[in-house]
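Spelled out from the first residue to the last, the chains are:
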Amino acid sequence: MADTTTRVKLQWGVLNTVVVVFALIPVLWIMSLSFKTPATLTDGKFIPREWTLENYRNIFDTDQFVRALVNSIGIALIATVIAVVLGTMAAYAIARLDFPGKRLLVGVALLIAMFPQVSLVSPLFEIERQLGLFDTWPGLILPYITFALPLAIYTLSAFFKQVPWDLEKAAKMDGATQGQAFRRVIAPLAAPGVFTTAILVFIFCWNDFLFAISLTSTERSRTVPVALSFFTGESQFEDPTGAICAAAVVITVPIILFVLFFQRRIVSGLTSGAVKG
Amino acid sequence: MADIVLDKVSKKFPDGTIAVRDVDLEIADGEFVILVGPSGCGKSTTLNMIAGLEDISSGELRIGGERVNDKAPRDRDIAMVFQSYALYPNMTVRENMAFPLQLAKLDKKTINQKVEEAAKVLELTPLLDRRPANLSGGQRQRVAMGRAIVRKPKAFLMDEPLSNLDAKLRVQMRTVVSRLQKRLGTTTVYVTHDQTEAMTLGDRVVIMRGGAVQQVGPPQELYDNPHNLFVAGFIGSPSMNFLPAAIEESRLRTALGDVPIGDRIRRELSRADAPRELILGIRPEHFEDAELIDEETRRRGIVFEAPVDIVESMGSDKYVYLTVEGERATAAELEELAADAGAADFTGVGSHLVTRLSAESTVTEGQNRRVWFNLEKIHLFNPADGRNLTLREGRAAGALAD
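Chains as they are written, first to last, in the UniProt record's numbering: chain A, 1 to 277; chain B, 1 to 402.
There could be a bad hint or two in this list.
[Stated by the list, open to error] Here are the simulated BS3-like cross-link-like pairs (lysine-lysine), alpha carbons at most 27 Å apart as the crow flies:
1) LYS12(B) with LYS102(A)
2) LYS108(B) with LYS152(B)
3) LYS318(B) with LYS168(B)
4) LYS109(B) with LYS152(B)
5) LYS8(B) with LYS109(B)
6) LYS161(A) with LYS12(B)
[As the list claims (entries may be wrong)] If we take Cβ atoms under 10 Å as the criterion, some of the chain B residues that face chain A in the derived model are:
7) PRO89
8) ARG151
9) VAL176
10) VAL216
11) PRO219
12) TYR223
Honestly, the hints are just simulated from the structure, not real lab data. Quick reminder that beta carbons are idealized off the backbone N, C-alpha and C, glycines included.
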């Protein structure tokens with residue numbers, strides 16, 4: 001028995017290591033490149049011979065990148081908040097109520113999530129130009145919400161279904177209105193779900209390239225992934241690789257912070273002890 | 001404090017199933033009433049309608065004389081204890097118990113005082129700052145009760161509050177519930193599927209089947225004078241023995257021998273729509289080892305002989321299982337009771353009698369034993385509608401009554 005468990009552990013250990021290394025090496029490579037000087041960029045060494053912060057200084061000097069960062073953060077945050085609020089309400093209704101057309105609503109939401117986004121880019125482009133939304137923040141926030149909502153509704157309704165219905169009944173018996181029951185009992189318990197959904201939606205908005213490049217044209221609303229692709233360097237003779245790498249590192253930081261910040265709120269088993277034992 | 005009146009209350013679900021049918025029930029102020037029945041009998045739906053968690057399809061519900069059909073649960077001023085306890089896991093015990101008071105907008109000092117008071121009654125004081133996740137099943141159950149009593153509502157509703165506890169704790173909590181109810185004197189409606197809880201706790205017991213009330217009365221009365229086959233089979237543990245009985249002139253032919261019948265039953269049986277066969281019901285304690293009874297007692301009953309299958313000695317008395325030949329009694333009610341006990345597909349050959357004999361009996365397994373049963377205590381049921389034919393003015397009179 002002891003032998004098999006050790007062997008199983010070893011097998012899993014090796015497998016896990018392979019997966020982690022496979023996933024992390026490109027990230028580490030980018031980080032390494034971002035600290036190299038232009039001269040040593042292509043020397044093939046994993047650990048830079050000369051360390052420099054020049055690349056980082058350069059990207060923050062250009063208005064182009066800073067402006068894109070502000071756009072990215074603003075657009076992603078606003079879209080996340082709206083999608084999560086709307087998603088919470090919709091998911092609660094789906095999890096709790098039986099209303100006509102519920103299956104249809106869920107089906108349509110799923111359909112939207114599965115719809116190839118690239119096929120919608122041209123119509124969206126035309127619509128937004130007509131409505132004057134092209135190259136504005138709302139012009140990106142709206143499609144982000146549209147595509148993030150099915151995701152939000154799905155994850156959130158799964159979480160709401162886990163909250164025992166008896167709790168809501170108990171709150172009502174204790175004298176709570178529907179709203180009070182939701183705010184004081186249901187919502188706090190569904191909080192891990194809300195934060196998980198917020199993270200997923202935020203990452204979706206933050207990483208999007210397709211809509212961002214199609215529905216923007218200037219620095220006014222261009223987000224970082226798009227701005228990166230427009231990096232050219234100071235002059236046409238300058239190699240922008242170092243700068244692109246530095247920018248790539250910079251834009252992963254908010255994601256990591258966001259996840260770390262909310263991870264502390266995602267305490268699994270928050271609902272334990274609610275019902276029986 | 002208030003009385004609760006159900007006036008022809010019915011519940012029809014959107015899919016057309018009728019869960020509760022014309023329930024009439026008057027629960028007096030301070031009374032402890034138990035709703036009992038097998039699963040799906042409508043007892044929980046009835047409770048939820050009183051609570052306001054389910055709409056009432058037709059009929060009227062009055063609490064304290066006031067019609068509350070259309071009032072939200074929060075406006076009915078009643079508290080409920082759930083089977084799952086439904087404690088708020090994000091709040092401590094103190095916060096759980098304070099929650100209804102906070103919603104009632106009481107000031108902090110009063111809230112604290114009331115919570116402490118309720119905690120003391122239920123011995124929860126050392127646990128006030130723990131969260132439900134760190135409590136044992138019994139403690140959670142007490143917190144759920146605490147949350148109900150803290151606000152001194154007009155009535156308590158309890159939905160199988162003890163069924164998640166283990167057997168020993170359940171017996172203990174039963175006395176806690178009983179004592180608490182007596183002490184507070186609050187009208188209580190208690191739902192359970194456990195007939196022992198029903199018998200031991202309530203002032204009155206309401207037996208339900210298929211959404212309809214079968215019989216209402218104090219536990220002992222239901223036990224002694226069941227109005228029908230269902231009540232007879234549901235109340236009592238071990239349950240009443242049922243045997244088919246064929247009618248022949250002035251006697252009933254049963255597997256235990258011929259049972260004489262009195263004039264009253266005979267009159268009943270001479271009616272045009274009278275059944276051609278009856279079901280004989282005998283409670284286990286109305287049997288006795290024939291060696292242990294005197295001549296005078298013997299004359300009040302019948303002695304028969306049957307092989308002993310199993311003897312369970314309880315110390316105070318002996319449960320003796322006898323094998324009797326012939327078919328078992330069949331009726332819709334009995335099948336339903338068997339299904340509820342989970343024994344619907346468990347049918348041995350012939351039928352078994354469960355008897356409770358004195359501890360002094362020398363009965364052993366495998367022998368043939370002469371056993372006596374009391375004719376004054378037997379019940380006769382009509383298998384078609386389950387009615388108890390031995391009842392006279394609501395009281396069971398045995399088979400010999402004139």
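Taking the hints in turn, this is what the structure says about them:
At most 27 Å may separate the alpha-carbon atoms for a hinted pair to count; LYS12(B) and LYS102(A) meet this at roughly 22 Å. Proposed proximity of LYS108(B) and LYS152(B) is supported: the alpha carbons are some 17 Å apart, at most 27 Å. The straight-line distance between the Cα atoms of LYS318(B) and LYS168(B) is roughly 22 Å, inside the 27 Å bound, and the hint therefore holds. For the proposed pair LYS109(B) and LYS152(B), the alpha carbon gap of about 17 Å is at most 27 Å, so the pair holds.
For the hint pairing LYS8(B) with LYS109(B), the CA-to-CA distance comes to about 44 Å; that exceeds 27 Å, so the pair is violated. For the given pair, LYS161(A) sits about 26 Å from LYS12(B) by alpha-carbon distance, which is consistent with the 27 Å threshold. Taking 10 Å as the C-beta contact cut-off toward chain A, the hint placing PRO89(B) at the interface holds, the least distance being around 4 Å. At a threshold of 10 Å, the smallest CB-CB gap from ARG151(B) to chain A is about 8 Å, leaving the interface hint in force.
The beta carbon of VAL176(B) comes no nearer than 17 Å to any beta carbon in chain A, farther than 10 Å, and the hint placing it at the interface is violated. For VAL216(B), the interface hint is violated, since its Cβ never comes within 10 Å of a Cβ in chain A; the closest pair sits about 25 Å apart. Below 10 Å, beta-carbon pairs count as interface contacts, and PRO219(B) has none with chain A, the closest being about 28 Å; its hint is therefore violated. A distance limit of 10 Å between C-beta atoms decides the matter here; for TYR223(B) the minimum to chain A is near 31 Å, and the interface restraint is violated.
In summary, the numbered hints that this structure violates are 5, 9, 10, 11 and 12.
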